Structures are given as structure tokens and as C-alpha cells.
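Asks: These are the residues of each chain, in order.
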Amino acid sequence: MSNYILSYTKIKNNCLWHNDKLVSKIGETDNFLEETYKSLDLAYPKFFKMDALSKLGVLCAEQILTDESIRLLPKEKIAVVLSNKNSSLQTDVAYAKTMRDFPSPSLFVYTLPNIVTGEIAIKHKITGENAFFIEPTFNADLLHNYTELLLQESEAVLCGWLSIDEKTCDGFLYFVGKQTESNQKKINFIKHNPTNITQLYTN
Amino acid sequence: MENLIENLKKQIIEQLNLAEVKPYDIDASAPLFGEGLGLDSIDALELIVLLEKNYGLKIQEPKDAKNIFQSVKTLAEYISSHKK
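Here the protein sequences line up with chains A and B, keeping their order.
Under my numbering, read the first sequence as residues 1 to 203, first letter to last.
Under my numbering, read the second sequence as residues 1001 to 1084, first letter to last.
For reference, chain A alone in the conformation it holds in the complex:
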């Protein structure tokens, strides 16, 4: 059975897109992630305690995982596979600075890149497999191959690229699953292959 990209979100240039539809656009600000959170009316106070990488992941995942046809999938059968270039470097540097006087416990807990997978899983009660890959650039082949392997046991996989530094914020998450009765009415099913993944990321 073929697997399909059922939904995708992008955060870039102060805009949040879901399936090519503009969800939120924030003007020039130093607090883009927080302003986007407020614009979405999420009511999840824990958001403010997260590091920037986790905030980016939670905002991207929210659009996908709250979709009705996806929300009803068994949570133990959903996997999460993410990637980026800089790991948790921004938070690592911020934590290192606090070590000069009082090391911050709340920063320390975010000094691993895969914490964002945990934050997404906690918010949406996902208990399937998870992985986080560090790659020099967005690697559609790696994500595709690993996701196809996971789909032998899982029903769906949340995949993507979450990259953040002081200047840029680049989030792209997509949800791969099977065509079912509950989602077959959705239009624009995109076949899961590296070419389509790359096209969605770069467009």
C-alpha cells in the first residue's frame, strides 16, 4: 500500500503556513514564536518555558496534529522523526552562559535536540517511535527511507526539519500516513517520495 503526505506546515520568514494556506503572519519582531503562539490562541502555558527549538516544533506540529482525521489515529501508532543542522546549539550556548554564575536548570533540560520530539509527544499524547537526526542540510532521502521503515509497524509518522538560530527560523513538518476511509475525502494527497518532500520544503 502506498504512503501519502497527508498534511504539512512551514514556518519561514515570520509566516506560518499549513497545506499552502497562510495561517499566521507576524511583522518584524524579536519574539516571532511567542507572537505566533498568541495569534493561534493555543492556551498551553508550558510553551513559554520551552526553548526556541521546542517552540518552533510545537507550533508546526499543532496545525497537523489537531486536524480531525489525524487526531483520531491511535497515538501509540504515530512516530516522530525530526532533523536539523545545529542540534540544540542555541540553547547549549545560552546554558553555557548561565554557568558563569547560576547554571539554569530550565535551560539545561533543553540541551538536547530530541527534547522537541518529547514536547510534541507530550502535548499530543503520542507514544510511538521517535528519532532526531543531525544532518548538514535538509535530507529528504534519509527522512523518506527511515519513515518507510517505521511505517511497517506504525500507522503514521510526523517528519521534518526544525532549524533555528539567532537570525533564522526554518520549520517544516509533514505527516505521512496511509489512505483510509476517514481521510480519503481530503484532497491533494501527495505521494510520499523524496522528490515530493524536497519540493514541499523548497517551495
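None of these hints come from the bench; they were simulated from the model.
As the structure is a prediction and not an experimental result, all values here were calculated from the model.
Mixed in with the good hints there might be a few duds.
Simulated pairs of lysine to aspartate or glutamate, DMTMM-like, Cα-Cα distance not exceeding 25 Å [as the list claims (entries may be wrong)]:
#1 A/LYS123 <-> B/GLU1035
#2 A/LYS49 <-> B/GLU1006
#3 B/LYS1022 <-> B/GLU1002
#4 B/LYS1010 <-> A/ASP101
Chain A residues, not near chain B, derived (Cβ > 12 Å throughout) [claimed, not checked]:
#5 THR98
#6 GLY128
#7 THR180
Glycine residues also receive a C-beta, built at the ideal position from the N, C-alpha and C atoms.
Once you have looked at the hints, place chain B on chain A.
Replies: This is chain B only, laid out in the frame that chain A set:
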């Protein structure tokens, strides 16, 4: 004591990134953990940092922490009685 409690509320909000909480939202007698503000174990560590950074106080006996961090009021009482 009232001033200390009000300052503590502001410091807790800042230290724990409670961005959507205002000082007047915090009941000084309400539990800090479990209910009330619903703080977690990482927040407890941040409160220990707050005590040391802002008031130069270290909790010598870990078993005392539960009572000290019961509420903003108990925290203020501890600071008031131990600050040099």
C-alpha cells in the same frame, strides 16, 4: 512581609517564565506545586536558584524544602527568618 511577598511573586514569574501569569493571579497561601501554580520538579530547582541568587540563601536540609516551598507565604517566611 507584604513587600517581600509581592517581590517574590514578580521574581517567581520572571525566573520560571510564567508569561501568562500576573502577580495578582498568585494566591500567596495557595500551594505552589500540584495545584495552584502547578509547578514541576524543574521549577523547584529554579526556585532554589532564585533563593541563592536573590537572597544568598541555600537550603541546608533537603527535607526542609517541601515545607519552605509550600507557598509564596512560606517561602517569604523562610527568607525573612534566615536572611542575614
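Asks: None of the hints should be skipped; say for each whether it holds.
Replies: Hint-by-hint comparison with the structure:
| no. | hint | in the structure |
| --- | --- | --- |
| 1 | A/LYS123 <-> B/GLU1035 | 19 Å, holds |
| 2 | A/LYS49 <-> B/GLU1006 | 22 Å, holds |
| 3 | B/LYS1022 <-> B/GLU1002 | 16 Å, holds |
| 4 | B/LYS1010 <-> A/ASP101 | 21 Å, holds |
| 5 | THR98 | 9 Å, violated |
| 6 | GLY128 | 24 Å, holds |
| 7 | THR180 | 37 Å, holds |
In this structure, only the earlier hint numbered 5 is contradicted, and the remaining ones agree with it.
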